[in-house]
Structures are given as C-alpha cells and as structure tokens.
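Which chain is which? The protein sequence lines are A, B and C, in order. Residues in the first sequence are numbered consecutively from 1, following my numbering. Residues in the second sequence are numbered consecutively from 1001, following my numbering. Residues in the third sequence are numbered consecutively from 2001, following my numbering.
If you anchor each label on the Cβ, the simulated ranges turn out as follows: (1) L1135(B) <-> D144(A): 28 to 34 Å; (2) K150(A) <-> G1062(B): 27 to 33 Å; (3) W203(A) <-> L1167(B): 17 to 23 Å; (4) M2147(C) <-> L91(A): 38 to 44 Å; (5) K1088(B) <-> M2016(C): 20 to 26 Å; (6) K1050(B) <-> A128(A): 32 to 38 Å; (7) A1116(B) <-> L207(A): 32 to 38 Å; (8) K255(A) <-> E1178(B): 17 to 23 Å; (9) A128(A) <-> L2135(C): 21 to 27 Å; (10) R2128(C) <-> K1095(B): 51 to 57 Å; (11) A2037(C) <-> K1050(B): 40 to 46 Å; (12) A1099(B) <-> L207(A): 19 to 25 Å; (13) A128(A) <-> R2180(C): 17 to 23 Å.
Residues of chain B placed beyond 12 Å of chain A at every Cβ, according to the derived structure: (14) P1015; (15) M1016; (16) V1036; (17) N1040; (18) H1045; (19) E1051; (20) K1058; (21) R1059; (22) R1063; (23) T1114; (24) G1143; (25) M1147; (26) G1150; (27) P1152; (28) T1158; (29) Q1159.
Since the hints were made in silico from the structure, they are not lab data. In this text, all values refer to a predicted model and were calculated from it rather than measured experimentally. Glycine included, C-beta positions come from ideal geometry on N, C-alpha and C.
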Amino acid sequence: MMDGDTQFGEVEERLAAEALIVDVDGYEGPLDLLLMLSRTQKVDLRKISVLALAEQYLAFVERAKTLRIELAADYLVMAAWLAFLKSRLLLPPDPEDEGPSGEELAAHLAFQLERLSAMRDCAAKLMARDQKGRDFFVRGIPEDVTRVRKVRYTATLLDLMQGYARLKTKEDFRPYTMDRDHVMTLEQALERMRGLIGYAGEWTDLLSYLPEGWESDPKRRRSATASHFAASLELVKNGAIQIRQSDIFAPIQIKARPRD
Amino acid sequence: MTDETLEESLFEAPPMAEQERMVEAILFATSEPVTVAELNARMPHGADAKEALEHLKKRYEGRGVSVTKVGEAWAMRTAPDLGFLMQKETVETRKLSRAGIETLAIIAYHQPVTRAEIEEIRGVSVSRGTIDQLLELEWIKFGRRKMTPGRPVTYMVTQEFLDHFGLESARDLPGLKELRAAGLLESRPPPGEPLAEDEGEEDENQVDMFEEDADLIEETQED
Amino acid sequence: MTDETLEESLFEAPPMAEQERMVEAILFATSEPVTVAELNARMPHGADAKEALEHLKKRYEGRGVSVTKVGEAWAMRTAPDLGFLMQKETVETRKLSRAGIETLAIIAYHQPVTRAEIEEIRGVSVSRGTIDQLLELEWIKFGRRKMTPGRPVTYMVTQEFLDHFGLESARDLPGLKELRAAGLLESRPPPGEPLAEDEGEEDENQVDMFEEDADLIEETQED
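Start from the sequences and build out the full structure, keeping to the hints where you can.
Below you can see the structure in the form of structure tokens.
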C-alpha cells in the first residue's frame, strides 16, 4: 500500500520468475536448453553459431540469477564451460596451450546438439509408427500349444531273453547259487558276464545283469553287485565293453564294445 | 474418424472386397466369436457383414484356418486336421513292464501263438492291457486264426519289433541252448531228470515254431 | 509317430501347398511371433517352413491380416489401415515419458549402448525408473558387457520392440541410413580427451554390428 510501484514491480518480477522456473523445469538439462535456444537461430544445426549460442545461454543464466532462481548445478557448470569456450573463440589462439582449440570444442558441441536433435526426431518417428495394440492387432483367440507327454515304452533284447528264460525255467527254477554261500566271487561274475555281454548292444543298467535270486536279498544283492561291478571293470580293461555313469549314484550302465 | 467420413459412408458402403478384409481383421483380432450384428455395428455404415462373411468363408476353404460358426457368432479357427501341429511332444522313455516283456518274449519265441497259449506258458492270465500295449507299440500284430475250436486269434511279432531289437528275423533270437550257454538259464534240471529231455522239449517247441519258416531257414543257409 | 513314418517323411515332405497350410495354422494360432526353427520343429520332417512362409506372405498380401517378419520370427497381424475397426481391442499402454521415449530411441539406434553413452547423448542422467520401465515393457534387454574398464552392461532392443513397432529388424528403423551417413551414430569423444580405450572398442562394436547386418542383408537378397 505504501509504495504501489514497488509492489507492482515485485509481482511482475515474481510472475516472470515463475515463468522461468516452469521453463527450466521443462528442460531436461543444459543440453536440452541449448538445443531450444539454438532454434532461435533458425539455421541448420551444422551451421549454427556456437558463439552466439553461448552468449544466449549465458544471458539466460544471468537473468535467472537476477531473479534469484536456483539453477541446478549442471546448468552452472555448463555456463562456466560456455564462458570458457566463448573466450577461446574470441581470443587469438595461445601457442603455449596444448588443449583443443575453440573451434574444435564448438564443433563438438554442435555435433552433440545435432545428435540430440536427430534422436528426438527419431523418437518422434518411432512413436508415430503403427503400433501393436493401437494400429494393428494380434490374434484375439490364441490357441495354446499343448504339451503332450508321450510315454515310449522300451525294452532291450536282453530283457526279452531274460524274461523268456525266467519263464522257461520257472517250473524247475532252482538257482544254482542256492547251494553256495551268500557271496558271489569276481570269477563267477566275470564268467557270467562274458556270456551275456554279447547281447548288450545298447546301454543297459549293470544291475539288470544280476542273476535270478540275487536281486532281493540285500546281502546277496550287495555281493552280486560288487562282483558284477568288478567284473565289468575287468571287461572294460579287456576292451570288451564300455561303461558309464551319468552322475554320482546314478545307475552304472554297460554296453558291448562295437567290434570294428 | 470424422463425422464427414461417417456421413459419406451413409451413402456409400466400402466395396465388398474391402468389407471382407474388415471382417477378416475383426474375426482375427477379437478375443471371442463375433455375431453378424456386432460386425455390422463395428463396420462402416451400409456394410453387409453377412455377405462379406460368406465371401471370407469361401476364401478360407481348404486353408490352414477356417471361418466357423460358433452358436450364433463367427470365429476363425485352425483347420481341425492340423490340430497335431498345436502340440509339442515330449517323449518319455519307460521300461516295459515285466508282464509285457514276458508276453512279448513268448510271442516272439512261439509265434503264431494264441492268448490261451501265452497264459499257459506264463502260468498267469494275460491282461487285455498288456496285449493292447504291445499292439500299440506295433511290436506285435494279429496272425491268422488257429484252426481249433473257437478259432482263436494268434499273435506274431512285427517288422517294427525286429527293427527295435536289431534282429533280422525272429529266427535270430537265441535258442534255449544258447540262452543256457550264455548263462541266462541258471536253473538246473531237477535232480533225477535227464538233461536231454528238457532240451528235447525245447527243441521241439522251436521246431514247431519254425516249421512254417523251415523253407526260409534253408534258404538262408544256402546264402 | 512310428520310426517308420519318420524315416519315410525324411524322404518325402508334405507338398508345399500343405506346408503352407501348416505354417498358416501355426502362425494363426499364436499371438507371439514364431521362429522358422520352431516352425520346422513342429512341422513334419523334411518340411521347409521358410519357403512355405514366403508363399503364405504373398497369399496374404492386401488382406485384412498380414504375415509379417519380426526379427528372426514371423507373426500374423491385422493390417494397420483397419485399426479403426478395433477400438474394442485397443489396449491402453502406460504412457511413456519423454525421457523414456528418447532413451528407447537412443538404445534402438545406437545399440548395443551403455547407460553412460545414453547419458552423454541426452546430456542428462538417465533415471533407474526409465530403464526399468523399458525393461518391463520388454522393449529393451541387456546386451553383452562392454570390454572397457568396469565392464559396463549394454542395452539392446528386443523382438517385442520390433513386433510392437512393426519392424522387420533394427535395420529398418526410420532414418537409420541417413543418420549413419551423417555420422550421427558414431561416438565421438570430446576434443582434448584422449581416445580412450573404450571408445576404440565402441567403434569396433559398431562395426561388428553393421558387419553382421551386411551379411544378413546379402543373404536376404540372395533369397
């Protein structure tokens, strides 16, 4: 009330300041601001006057300062750098100085601006393309690919023969091991396996070689397993069979070595 | 779309070919079947969805996709005969059951053999499932009927069986003597029974089995 | 399928017209692009999905639905000019911020590109949220790490990106050639800074990227 003019001036100032704040907020950093300022030159970015641009930027920052707008640090860093660039461009080159020339620095800034501008154009072109779900559409009733689990039964020739042998000897089944101890020797196992391996054309679990009557009783099974394992190692050594185990405790498999 | 084009379309519907394209796109993209009324509502004024649908349906005849009616609505579906393409198979290998192996072995060694004969040899009845499984695996097939009362069907092994087991013919199956020599027959004849009889019987069986093939055997031997 | 038919089909693939139907059914049924390799895996042995695709693509030219290439995969999509019929199907996508859009464009045109390089181009730091949003949309993915100190991760665009913007490949990005000709895709170190090891590497990467492309282009042209 006391001083209408001052008050009016303050309001005006504040409005201007607000406008500037909004503007600064609207920019994504100094490079963005520089790009906007460069538009005022209305020339190809490659022919832009970096010196004029630097002056525009510095003037902008000055104005912000007088309006006591707090500029983010990177705007000030850019201002300092542009002030440096300006001096480089205006002063004759110092032969002592080994740094890049003002022209080189200006060219790089122009390149950065051109590149940013180009990427903005690309972004706009990209977003203007036909888009999925807006301009073109995918199948509305997709038919799911069902995963079918198919069980394939398999058997080896050895299974077949053992099965048949089991049947044919059922009536008079009397394992010859009955009159021995619960121990199967390496020799016995080796003897047995020599006769059998000829039929092991494909990978077969070693345990399937255990003789009838030795599979269920734990004691006999242990002994037979051990002797068969030892025997198979012996056969591997002789080059008669191959042996493999995919993992610890996985079944040990053997296979006759193909005759060359 | 502006009002202008809307008004324009009041007087001039798009050409039928264009309407057909529209129906095609709508049926493709909509998440459920669409009725003719809905199609008409979505298409420009004056369009005749029903006719366009007929054209489209014809166009897709014999293709991998067909235009089908679902209740009162329409949808596009993959051709039923191509349903097999809509699945991804994962194959799991499992060992044939003991009953399966034994039945298969009997058929292989005694073919052609009836179910009653198989049961006699196994000493237990053979479940329908076991035979079916072997048939499905294409390891056995039906042989000719036996000329005995009831004319029972017989079973034989197939080429597929021979391929799977790496045999050239069923005759390549080792005989009982070989099985014994290989240590597969671990039983000993019960005390007092002469060894020969046992063998004799087996041999007889084998002869039975291969009587039909006798000629073939000779042939093979000649080779 | 038995081994027999498998073997048979090794020698005799279904006729091309039938293969075309199959490709049509598979592409029609899924909303996701399907690779040629997957098509071949799902079709009978001996089928040539690539050739069938070419036939199919031609057949759908000018239709309401089109067969489009998405990177190494193929998909069916409604014709873009019919989008106005699909208001019902339109999905409201979360609006990407200006930073998001620009970051996406930079990744697309400069891939593989590090975060530091994106920041250098935009002149501001890239917020974690921007990258996260693009990753979430499945428009960008991690590329291999750069062989520079710190081994920074790189970003690349995805097949979903290509699909979303209807691009056959990243080479079809609008204006790519012009940008390259203008040298705007090169990474230029600021003057005075020694040509860092990483810059050299970067150039190499870029050459890599476009060399590969060159081969692909040639291949395509041969076909």
